[in-house]
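There are 2 protein chains.
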Amino acid sequence: MAGPILDFWFEFASTYSYPAAMRAGPLAQDAGVHLRWRPFLLGPIFQAQGWTTSPFNLYPAKGRNMWRDLQRICGDLGIPFERPHPFPQSTLRAARVALVALTQPWGEDFCRAIYRAEFGEARNLEDTQTIAGVLEDLGQNARAILERAQSTENKEQLRANTAEAQRLEIFGSPSFVTEDGELFWGNDRLEAALKWATR
Amino acid sequence: MAGPILDFWFEFASTYSYPAAMRAGPLAQDAGVHLRWRPFLLGPIFQAQGWTTSPFNLYPAKGRNMWRDLQRICGDLGIPFERPHPFPQSTLRAARVALVALTQPWGEDFCRAIYRAEFGEARNLEDTQTIAGVLEDLGQNARAILERAQSTENKEQLRANTAEAQRLEIFGSPSFVTEDGELFWGNDRLEAALKWATR
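Protein chains in written order, with my numbering: chain A, 422 to 620; chain B, 422 to 620.
Hints in this document: simulated from the structure, not taken from any laboratory. Among the hints, a few may not be true.
Where chains are identical, the list cannot tell them apart; a pair therefore holds if satisfied intra-copy or between any two copies.
Stated by the list, open to error - Below 25 angstroms or equal to it, Euclidean Cα-Cα: the simulated SDA-like pairs (lysine to any residue) are:
| id | residue 1 | residue 2 |
| --- | --- | --- |
| 1 | LYS483 | LEU559 |
| 2 | LYS616 | THR473 |
| 3 | LYS576 | GLY453 |
| 4 | LYS576 | ASN478 |
| 5 | LYS576 | PRO481 |
| 6 | LYS483 | GLY528 |
| 7 | LYS616 | ALA543 |
| 8 | LYS483 | ASP451 |
| 9 | LYS616 | LEU579 |
| 10 | LYS483 | TRP458 |
| 11 | LYS616 | ARG459 |
| 12 | LYS616 | ALA469 |
| 13 | LYS616 | GLN578 |
| 14 | LYS576 | LEU491 |
| 15 | LYS616 | PRO509 |
| 16 | LYS483 | GLU603 |
| 17 | LYS576 | GLN450 |
| 18 | LYS616 | PHE467 |
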């Protein structure tokens, strides 16, 4: 695909990555930017800075405002919002499946559907049935894909993605990285990242 | 003044409060919103969640990206940026003077000039001469105002502001609070706060 590339680094457990995932595709298309969806895990990165859970759980006032803010943002975008329990969720399996999915034409739809299930319908990603249901809704063979996701090669690919995110000094999700290495963090920086990518 | 009121809670040590302070006045005026400038201290609030310095110092990758992000934002706004040393600065005296200044017609100009001195010119607010210089540039009697700022009544007013910020569950700067109690945090939420205030 011609045009500049923007890497979209995302972790399914991340709250603000939900509106970002819903917005990013159409905005990138309008800007003529090829958005490369790159799942990774925030857990090892948070652990490296001494966090054992989401900062929104560690800092309650900040967490309460984040949920309210996310609700407002989803309302403005006209996308459903329902606060998930538990939070954060283990997204290891969903991220592995996303890696497989993103080699297919329906991969981005899968990622959006996972975010919608989690933050729009409060479904639990730790339940394999949630992921299987999303795959089936997309007309895919859930059993075969879940099996491929558990392959050693695929597991290693996710570890490699997470290691690359750390190398890029990514510290949160969503993050956007341009071809010349500019790092933009947060749903609110999507427009600035697209602008940088096309300047 | 007619029209809705939006409280603009700010701490001079806060990086993103610099572009917010530069943007807020004109945007509020355009929206027909009366912006009420309310200085407070983040120190006691950060300490209550176990932080002894800025989170940008506690989390180095996040901190490096914040400085770069702030530089990009200031570039887009066409306002000067120079990274201050030390960071964060003790802003106790500047906040006390701001309380006095904001009873005067030149109060908001004083606040903007303090932010510009700190983040646009890397001047040190811990040096009383910096604050005196800003006051003099505004044609004011620096000695008299610095003295008023140190009055018991004024010191208590700043403590009361900080206590009210805590009561409102403010956890960062800038924060915007509408008359019906909606809390918006961050320079990037200024537009949303103004929209909420006028809906």
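Next on the checklist: When Cα atoms must be at most 25 angstroms apart, do LYS483 and LEU559 count as within-copy, between-copy, both, or neither?
Outcome noted: neither (36 angstroms within a copy, 37 angstroms between copies)
Next on the checklist: When Cα atoms must be at most 25 angstroms apart, do LYS576 and ASN478 count as within-copy, between-copy, both, or neither?
Outcome noted: Intra 28 angstroms, inter 34 angstroms, cutoff 25 angstroms: neither.
Checklist entry - At most 25 angstroms between C-alpha atoms: does LYS616 with PRO509 qualify within a copy, between copies, both, or neither? => result neither (31 angstroms within a copy, 30 angstroms between copies)
Item to check | Copy assignment of LYS616 with GLN578, given that the CA separation must stay at most 25 angstroms | outcome: neither (30 angstroms within a copy, 44 angstroms between copies)
Checklist entry - From the Cα coordinates, with 25 angstroms as the cut-off, is the pair LYS616 and THR473 best called within, between, both, or neither? => result neither (35 angstroms within a copy, 36 angstroms between copies)
Item to check | Intra/inter-copy verdict for LYS576 and PRO481 if alpha-carbon distance must be at most 25 angstroms | outcome: Cα proximity of LYS576 and PRO481: none, with 33 angstroms in one copy and 29 angstroms across.
Item to check | Homo-oligomer pair classification [PHE467, LYS616; C-alpha up to 25 angstroms] | outcome: Neither. Shortest intra-copy (29 angstroms) and inter-copy (34 angstroms) distances fail the 25 angstroms Cα cut-off.
Checklist entry - Within a copy, between copies, both or neither: where do LYS483 and ASP451 come within 25 angstroms Cα-Cα? => result neither (34 angstroms within a copy, 30 angstroms between copies)
Checklist entry - 25 angstroms Cα cut-off: does LYS576 pair with GLN450 within a copy, between copies, both or neither? => result neither (30 angstroms within a copy, 54 angstroms between copies)
Checklist entry - Which holds for LYS616 with ARG459 at a C-alpha limit of 25 angstroms: within a copy, between copies, both or neither? => result within (20 angstroms within a copy, 34 angstroms between copies)
Next on the checklist: Checking an output row: LYS616 and ALA543, CA cutoff 25 angstroms. Within, between, both or neither?
Outcome noted: neither (33 angstroms within a copy, 28 angstroms between copies)
Next on the checklist: Treating 25 angstroms as the Cα threshold, decide for LYS576 and GLY453: within, between, both or neither.
Outcome noted: neither (32 angstroms within a copy, 55 angstroms between copies)
In this structure, the earlier hints numbered 1, 2, 3, 4, 5, 6, 7, 8, 9, 12, 13, 14, 15, 17 and 18 are contradicted, and the remaining ones agree with it.
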